[in-house]
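**Q** Under the working numbering, residues 124 to 1096 are what the sequence shown spells out, in order.
Source of the hints: derived by calculation from the structure; they are not laboratory data.
For every residue, glycine included, the Cβ atom is placed at its ideal position computed from N, Cα and C.
Hints may be right or wrong, so weigh each one.
As the list claims (entries may be wrong) - The following label-pair restraints were derived from C-beta to C-beta distances:
#1 Ala489 / Thr315: 49 to 55 Å
#2 Arg169 / Glu615: 42 to 48 Å
#3 Pro629 / Gly459: 53 to 59 Å
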Amino acid sequence: MTVPAALIDALRAEGLAPESSPRRIAEYSYDASNYRVVPAAVLFPRSEGEVSAALTVCHRLGVPVTARGGGTSMSGNSIGDGLVIDLSRHMNRVLRVDEEAGTATAQAGVVLTALRAAVHASTGDRLTFAPDPSSQTRACLGGAVGNDACGNHSVRYGRTADHVVELALVTADGLRVTATRNGIRATDPADTQAAARAEHLESELRALAADHLAAIRTELGRIPRQVSGYHLRHLLPEEGFDVARALVGSEGTCGVITSATVALVPRPATTSLIVAGYADIVDAARDVPLLLLHGPTAVEGVDEVIVETMRRRRGADAVADLPSGHAWLFIETDRGADAADELVHELRTAGHPVDVRQVHDPAERADLWRVREDGAGLSSRLTDPATGETISTWPGWEDAAVRPDLLADYLADFRDLLGRHGLTGVMYGHFGAGCMHIRIDFDLRTSQGRTVFREFCTDAAHLVVRYEGSLSGEHGDGRARSELLPIMYSDEMLTAFDRFASIWDPRGLLAPGGLRATRPIDADLALADVDPHPAQSCIGIGRCRTHSGGVMCPSYRATGDEKDSTRGRARVLQELVRGGAAADWDSPMVAESLELCLACKACSSDCPTGVDMAAMKSEALHRRYARRLRPRAHYTLGLLPTWLRFTPYAAGPLNRLLASRAGRAGARLGGLAQGRVLPQFASAARLRAELGRAPDSVGAPGPAEVVLFLDSFTRGLRPEVAGAAVRVLGGVHSAVACSEHHCCGLTQITTGRLDAARRTLRRTARHLDALDPEAPIVVVEPSCAAALREDLPRLLSEETVGAADAERARRVAARVRSVAVHLGRLAEQGRAPQWPDGPPEAVVLQTHCHEYATFGNRVQRATLTALGVGSIVEAAGCCGVAGDFGFTAGHEEVSDAVAEQALAPALRRHPDTPVLTDGFSCATAIRRLAVTDPAAGGATGADRRGRHLLELLDPDPLESHSADPAAGGGGPR
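Using the sequences and the accompanying hints, generate a full structural model.
**A** Shown next, in the form of structure tokens:
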């Protein structure tokens, strides 16, 4: 029997449920580092007892074990062969908050922001947990302890080690002990074996400290961010033999931490944010000593390429106005307005900034902090401000730290070192603590590039040691830096490190490859000799694993399973393409991974690296079903625009049929989900009636001011919106060209019929290019607008259709606007359409995910504000329908769970407020919620529906939306 098989059998014999499918193994072969290590199995324990049982089995079989939380390690600490234990899925509870003692106890798998939220709720916002690394929305407490994470406010609050009170852990052989600030005890006092082990560990650790007193005192604890190696100074007598804090930063090599008790700090009542712009990053670093004299809570820095990348990826309004400069410091202080003014004055008179401004608006401040927090992702796919070219950068030397007063000189020398090796690096990080996160354009694919990588990292280690610094400032050493520790530490200290780890784990089974059984820094590189593929744009930072903020990833938020995250799917595709031309696109792991992807496109915007899983899913479906039978829903929902050419001539009978028992059975045979409220087909007469009431400016001869694109969904399913479109735009423009017979190919794209999509898009592009080529193209349905804006030039590339059609596609795409974008532009020009009865006091806003991703996450809100809407309640999330996803059989549970993330609660909280849904999918989601949930329906009950902005602005709507004699009924199907 092989080791994996024996391991799995033994774990199952203990009542555990390990997983070892190819898909699951692919998901856990990577973290946020440069490395790939294939595990034998993955386990999701539900209790400390299950962790103990698993470690007992692995110890008996000699199988390595790596503990994992959010999987966001940049140094390779979350991957390993043998068994990977993911504590984030089930062991993620906050156990207690004791305000009087100023402590909180939580399981290792709790996300840091969830821990902080629980503390805030329990203490009335009086206390908080201080460490706040940029990955805090998905990084877990156990990982923060394992790496000694710090965060933006470490200049005030220090590292995780400074806040640890107790650690509950399981030893390599399955015993449960608790490390405290003055020793070790058995977690269960009645466990005599654990008590004996605790006594033995104490004795050995005291002897270790005594044998190396001088080296520990002189080599450790020299700078604020000295994270490299083990924190043995906490074992010194003057530190009180603090075993708990000695274990912080041990990177999983001493035990599996299952819970931690941490100290809390007072939460500042108010803070001030100052942004200073500099000519370059070195000038910014020169002001750090001056700033530290003012006791700031944070001093963080970014350079211009990160800012430019965010603007290009998420829109110009994604970054608040910054002062002049090419690099910026974000300086936060909690000492009041006068102190902030004094700091600004001193910066201007004694510092080096080009410009300085205080930021008072909370939304602006949040935007700026997001730029800093997304630095790791944004800097991985950079946009050069000078050329517009994309530059890929990688970790490997992204975490060194020096004394803050030496930072500027260190950075100047570091830039010279980059130049000598022919490399480019982008710099950002914790300037106030002297810790720099520098991502570098290493070539990790070729042997020559890997040689440069090794030589540079070795030289960089010597440089940072020359500046009395640390190889790691918070990310840990792991696979990325452990090999280089002999450059930083003496032989005696390295011996003490090895002895410390061996006391805890004599056989070296825990987390091998980093601090233990150290692998070369250029071994196990994920990109070594692998051809490029779009899936590799995922670098594992895991923003798709968040449960709040943005939209990505709705399926992960519904299931909590890594396989349903953008990252999990990307990792599966990365494993697949390692096979090159031999990649098996029919592999079950691909189908399993992509099945619950809603193709909402939110990842293309919310993911800092711009992963577009919707495009990858489309490509995967294209390859999987080329010249073969497809799922039934691909023929019903996937060909919907084709059917909508004919449905207007039989709308009445079709609607009545679908409302019948036979129709419902037929829908299920067609692959449609149960319990959905199907939309009503519009009759040709209704569409004619709507378009026939257009102003004379629509179709007027001569050059058009604007081209109105009436998409298939609007023509065939929302005729009232088509009518509103011609009346609203016809009322504000002197000449409107109307395109009402072409399609964007959206359903062909989402179902992977890419050859057909290219034919459709080529016809549409030629038609639109011939229609007043200077006029903007306003597309009524936001998902169709997104398809024409992004998918059109992507699919009609020079490689696929030739130079002429590709250039035409780019011209047309550049003119495309959603309705909200266009009305916002009109408002800026003072030409906005008027509300028939005045602007509504409030609206519930559900922005279509494709519009959010393509045109910006603020476009709807900004336009509504410009149009005078008083209160905007945003349902910030996916509606759950997402094109054909919510109507496809097998997706019902996830679709409903996604709707519950934001939309359904917003409808219940505001039952009588108008609902704005430009997207047709969103409107169908609201229709179903109104029919099935009285609380969501409000006073209008099942008749509550989402309305397009154009409908609300329609100066002359038809009196009744049920006037179509072909409408028929419409309950749940």
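**Q** Return the numbers of the hints above that this structure violates; sort them in rising order.
**A** none
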